[in-house]
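So the sequences go chain by chain: A and B.
Be aware that the first sequence starts at 0, since it is given in numbering that gives the first Met the number 0, and climbs by one per residue.
Be aware that the second sequence starts at 0, since it is given in numbering that gives the first Met the number 0, and climbs by one per residue.
These are calculated hints, taken from the structure and not from any lab test.
Any given hint could be a false lead.
Okay, derived cross-link-like pairs now, SDA-like style, lysine to any residue, Cα gap no bigger than 20 Å in a straight line [claimed, not checked]:
hint: 1; chain 1: B; residue 1: Lys15; chain 2: A; residue 2: Gly31
hint: 2; chain 1: B; residue 1: Lys23; chain 2: A; residue 2: Gly25
hint: 3; chain 1: B; residue 1: Lys49; chain 2: A; residue 2: His13
There are 2 protein chains.
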Amino acid sequence: MDGVILTPLKRINHPKGDIFHAMKNGDDGFEGFGEAYFSTINKADIKGWKKHTKMVLNLVVPVGTIEFILYNEDSKDFLSIELSSENYQRLTVHQNIWMAFRGKDENNLLLNLASIEHQPEEAMKLDINEIEYAW
Amino acid sequence: MDGVILTPLKRINHPKGDIFHAMKNGDDGFEGFGEAYFSTINKADIKGWKKHTKMVLNLVVPVGTIEFILYNEDSKDFLSIELSSENYQRLTVHQNIWMAFRGKDENNLLLNLASIEHQPEEAMKLDINEIEYAW
Chain A
0 MDGVILTPLK RINHPKGDIF HAMKNGDDGF EGFGEAYFST INKADIKGWK
50 KHTKMVLNLV VPVGTIEFIL YNEDSKDFLS IELSSENYQR LTVHQNIWMA
100 FRGKDENNLL LNLASIEHQP EEAMKLDINE IEYAW
Chain B
0 MDGVILTPLK RINHPKGDIF HAMKNGDDGF EGFGEAYFST INKADIKGWK
50 KHTKMVLNLV VPVGTIEFIL YNEDSKDFLS IELSSENYQR LTVHQNIWMA
100 FRGKDENNLL LNLASIEHQP EEAMKLDINE IEYAW
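Given these sequences and hints, build the entire structure.
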């Protein structure tokens with residue numbers, strides 16, 4: 000989908016605890032560092048829909064499993080991507096893509112390395128039933 | 000301790016899963032974005048000692064509990080700090096501070112928002128018994 004990049008990331012085995020890469024300055028999809036924050040999502044709960052008009056998201060899931068649904072309102076395309084520490088990839092979401100996400104395990108954690116700081120006025124929200132998707 | 004900053008961070012309650020702030024561009028302790036990576040540490044295992052000559056670390060613990068021991072070899076001071084999602088703070092570690100850390104829970108995860116990309120030659124390592132500390 001235009002505006003979406005999936006980048007496989009390294010998980011480095013270590014006997015005392017693995018290392019998980021997330022993002023380097025200059026990586027594909029990096030558009031500057033504005034803010035980093037975590038979001039948790041309970042099992043079976045869905046957060047969304049939301050789209051950003053300025054922020055580029057870079058999303059990594061080091062704990063649990065999260066299903067992301069992306070919706071391009073120009074092409075009317077949906078894209079479903081499930082990320083976890085097993086399917087360990089970075090999901091870059093450019094501006095004007097609608098996104099919702101659902102927790103799949105008991106504990107689910109995502110890190111967003113956002114290109115700008117949180118600004119409520121640059122994000123748009125819709126209720127989950129305002130974009131029809133066969134969850 | 001000189002070279003170390005502790006910054007309380009917001010945890011925003013949400014019925015579908017809480018949000019945890021980590022760092023904004025321009026926050027106290029932010030010295031540029033080089034790389035973000037996760038490290039896990041098994042219960043009772045210790046990683047360290049390590050010090051960086053160029054990298055500034057910004058450490059956040061969204062899962063589990065991790066005990067950090069910092070050692071300033073000039074002043075011979077030790078500092079012990081335990082971080083978790085309950086004691087949710089950002090630990091900034093400037094250059095030339097020795098650090099080791101121990102996992103306290105079953106699952107422990109730290110995020111390092113590092114000021115430069117990983118460069119093996121800028122870090123120094125010592126075996127855990129080479130700096131005496133009453134673990």
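| task | Would you pick out the hints that fail for this structure and give their numbers low to high? | result | The structure breaks only hint 1.
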